[in-house]
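Student: Using the sequences provided together with the hints, build the complete structure.
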Amino acid sequence: MSVLRQQILILHAADPDLESRTVAWALYDGAKPKGELQMQTGDSDVPPYESVLDAMRDGWNVMQLPALPVFIGGHEHEQGHLPYEYVLERKVEVQ
Amino acid sequence: MSVAAVAKEHLLSARQMADFAAGGFLVLDQVVPEEYNRRALEEMRAFAGSGYRYWFESSVIRDIFELPQVKGAVQSFVGANPVYDHSFLHVVKAKHLKGQTYHADSVIDTRPFGFDVQAFYFCHDAPREMGPTLVLPGSHLRKVSNGSIGRYKNIAGQRQLVSKAGSIAFLHHGIWHCAQPNFTDTTRYVFKLRLRPGEEQRGLFNTDGCGSAEVLDYLRKAGHHAWCGDEARVNQINIAKFWRYLCGDDSVDASFEGALTRMGL
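Keeping their order, the protein sequence lines are chains F and V. Residues in the first sequence are numbered consecutively from 1, following our numbering. Residues in the second sequence are numbered consecutively from 1, following our numbering.
Calculated directly from the structure, the hints in this document are not laboratory data. Treat the hints with care, since some could be wrong.
Taking lysine to aspartate or glutamate and the EDC-like style, the derived pairs with C-alpha atoms no more than 20 Å apart in a straight line are [to be verified]: (1) LYS143(V) with GLU76(F); (2) LYS143(V) with GLU78(F); (3) LYS95(V) with ASP43(F); (4) LYS98(V) with ASP29(F); (5) LYS8(V) with ASP19(V); (6) LYS98(V) with GLU78(F).
These numbers were taken from a predicted model, which means no experiment stands behind them.
Tutor: This is the structure in structure tokens:
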């Protein structure tokens, strides 16, 4: 009997346009058993999809759209994490 | 830690320091002669103590950091009297297949532009498959909290510090980085030394030409990192501010479209 497991794909886009290019990517695969290696840092130089929209076309569902940044006077040039983070998911069957 | 001042010829050039300002790291390829590397590798393989003690118990590592070119680089970053922060001999066993998560070392640093420098010394060749450190060029001035970037796995423009024996990579403490898996049958060693500045880090390198058109143009191009997307211009402007600090000259303007001058910053 097969069961469903969730895969989470996190794509960071160059800007808030869902068709803008992917600048960072991470996959967390709930279908892989504990102990099996997940996507690792530095293991790929090419993103799995060129854009969030391309991932949607391939069956991924968007779970989270990032809120647009708020620029506070006096702190406009401060930077930290990647701002345009999209979380996508799909369910896959495992035996 | 005291380092007697070196001759100007051994200080980093403006072009080398511009590389560091734009990317957050500078690699001195094969700066350490082979004889030192051979001694260090033999010693590291035999070393059974805590990695934190290697600096104090090694018979060769301090000699390496006394080499004029190495001292000159250290002085260019943190002055002639830097403060020892900590050091560690990192050992990644053969076939250790799990990489580190992305992180920035220590904690969020509240200094606007002051920084600690971290020297990574490779005493043997460290090809890609051996898992030398992965860095994200241009990430060094962004404020993140140690492991708060641990969710990221791959970022466009990331670069592994593939090195030949005798190379030393000097990293800004804030750069995003992680150790990589060692797919080979050979244990990998890298010695890390973290130093705090002993003085304000303004004009410590050979600043000749730091305001030249060639260097400023280089900073505008090399300081523009594609992974920053829409934020690339502001990221570059922060690099231009950092450059002013390093040069000790608040009139040089390497910023995108001369934004610092235009805004009277």
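Student: So, for every hint listed, does it hold in this structure?
Tutor: Here is how each hint holds up against the structure:
The straight-line distance between the Cα atoms of LYS143(V) and GLU76(F) is roughly 13 Å, inside the 20 Å bound, and the hint therefore holds. This hinted pair checks out: LYS143(V) and GLU78(F) have alpha carbons roughly 8 Å apart, not beyond 20 Å. Proximity of LYS95(V) to ASP43(F) is assessed by CA-CA distance (about 15 Å); at most 20 Å being required, the pair is judged to hold. Simply put, LYS98(V) and ASP29(F) have alpha-carbon atoms about 16 Å apart, close enough for the 20 Å limit, and the pair holds.
With a CA separation close to 19 Å, the supplied pair LYS8(V) and ASP19(V) stays within the 20 Å bound. Restraint check: the Cα-Cα separation between LYS98(V) and GLU78(F) comes to about 33 Å, which exceeds 20 Å; the hinted pair is violated.
Figure legend: structure checked against the earlier numbered hints; the only hint not met is number 6.
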